[in-house]
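Single-letter residue listing:
2 protein chains.
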Amino acid sequence: MSSMNPRKRALPLPKTGRGEITRRKILDAAKREIGRRGFAEASVSTITTEAGVAQGTFYIYFRSKEDVMRELVLHMGRMLRHHLTEATAAATDRIDAERLGLRAFLDFVRRNPDLYKVVEESQFVDEKVYRQYYTEFAKSYRIALAASEKRGEIAPGRNGHTIEVRAWMLMGIAVFLGQRYGLWDPKVPLDPIVEAATGMIAHGLLPVPAATKSR
Amino acid sequence: MSSMNPRKRALPLPKTGRGEITRRKILDAAKREIGRRGFAEASVSTITTEAGVAQGTFYIYFRSKEDVMRELVLHMGRMLRHHLTEATAAATDRIDAERLGLRAFLDFVRRNPDLYKVVEESQFVDEKVYRQYYTEFAKSYRIALAASEKRGEIAPGRNGHTIEVRAWMLMGIAVFLGQRYGLWDPKVPLDPIVEAATGMIAHGLLPVPAATKSR
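Those sequence lines, one after another, are chains A and B. Be aware that the first sequence starts at 7, since it is given in my numbering, and climbs by one per residue. Be aware that the second sequence starts at 7, since it is given in my numbering, and climbs by one per residue.
Take these hints with a grain of salt, some might be off.
Since copy identity is lost for identical chains, a pair holds within one copy or between any two.
[Stated by the list, open to error] Calculated cross-link-like contacts (lysine-lysine; reagent style DSSO-like; alpha-carbon spacing at most 27 Å): (1) Lys145 - Lys193; (2) Lys134 - Lys71; (3) Lys134 - Lys31; (4) Lys145 - Lys134; (5) Lys193 - Lys134; (6) Lys156 - Lys31; (7) Lys156 - Lys193; (8) Lys156 - Lys134; (9) Lys71 - Lys193; (10) Lys156 - Lys71; (11) Lys31 - Lys71; (12) Lys156 - Lys145; (13) Lys145 - Lys31.
No lab work stands behind these hints, which were simulated from the structure alone.
Excised from the complex, chain A in its bound form (with noise of 0.2 Å):
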């Protein structure tokens, strides 16, 4: 998420090329540990000791585990935006999109467990970055939504809430399959979990008119 900007850093980041090394190993630690035990009973010894730095040297990257878990929410933000992005580039349509990108969310939630729950966690220990990870993605949800519905893919709104609302509910929809599918039940093949969510995106529950039925 490029235009996400989080609060200045009270600490330099190192700008060496072992510095960054360091710090990425730290950080892949830490998502591991909090992952795996939950933010509150993951402890920085084991963390140090998983990226085999000495203890101290943690809190030359980082103040704090807040402030370590912060960096995990922004950096599932940039990776997962552009996982999204790669995926969805061939798109016909809004869609075809919202398969797509719905595939290969499922797809990350599937490699990255332990950063996924990471980001979710992360509401109950600093709020402020879980709602800005989710408002930057629902911004650019209703960026394409809009776009979608001027050129005519998607219904037009029924009210000034609807895109807004809209964004939300894929949003919702795909972090519950993320939970469903992609945490708790790994080995379910995904095309047909993806084909049916699908189904209910492009038509809603009611049943589809025989014209209108092509996907």
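Once you've looked at the hints, dock chain B against the given chain A.
Relative to chain A, chain B alone:
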């Protein structure tokens, strides 16, 4: 959630009226304390102070903070189930039930923000009780969706996953709108939000053919 069966209690539940009143006072104070400060920061001594009981009294009723959190999740399940059943009793069909249920859920979140937050945070404290909470809701949803499908009120499934996928999508929609409009934006009138959401639940994103545009 009457069918939920929490693990056997290690401590006997006090049966006296006075005991039950004390237990409820503790649960109520715990809900506020955990909801506001988060599980890790919540303190048993604040809970007992707010409940107006001695700190040792907490441990007559609950083994730990984890234990009280599990009780709150079960409590929210029961309350919400009851609330939704009442709210949707007069629904004329599935879409009407979704509209009334979503409206009732958003009202519930606005009136019980702390309880709602406790349930969401439980996934990072005791994933089992959180999964059970949503799995039970998904089960009720599947039963309702299958009945509606049989009556021809909603479109038949595309594959064997459809009912389960729809159930989790509808829960994700409710939870994300609950977060956005229940917790974070609790003043905006709910009617247009529910109207916009119901439109997408009924028809999806694609333009609606004129003949089926009745709701």
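Going through the numbered hints above, which ones does this structure break? Give me the numbers in ascending order. Failing hints, ascending: 6, 7, 8, 9, 10 and 13.
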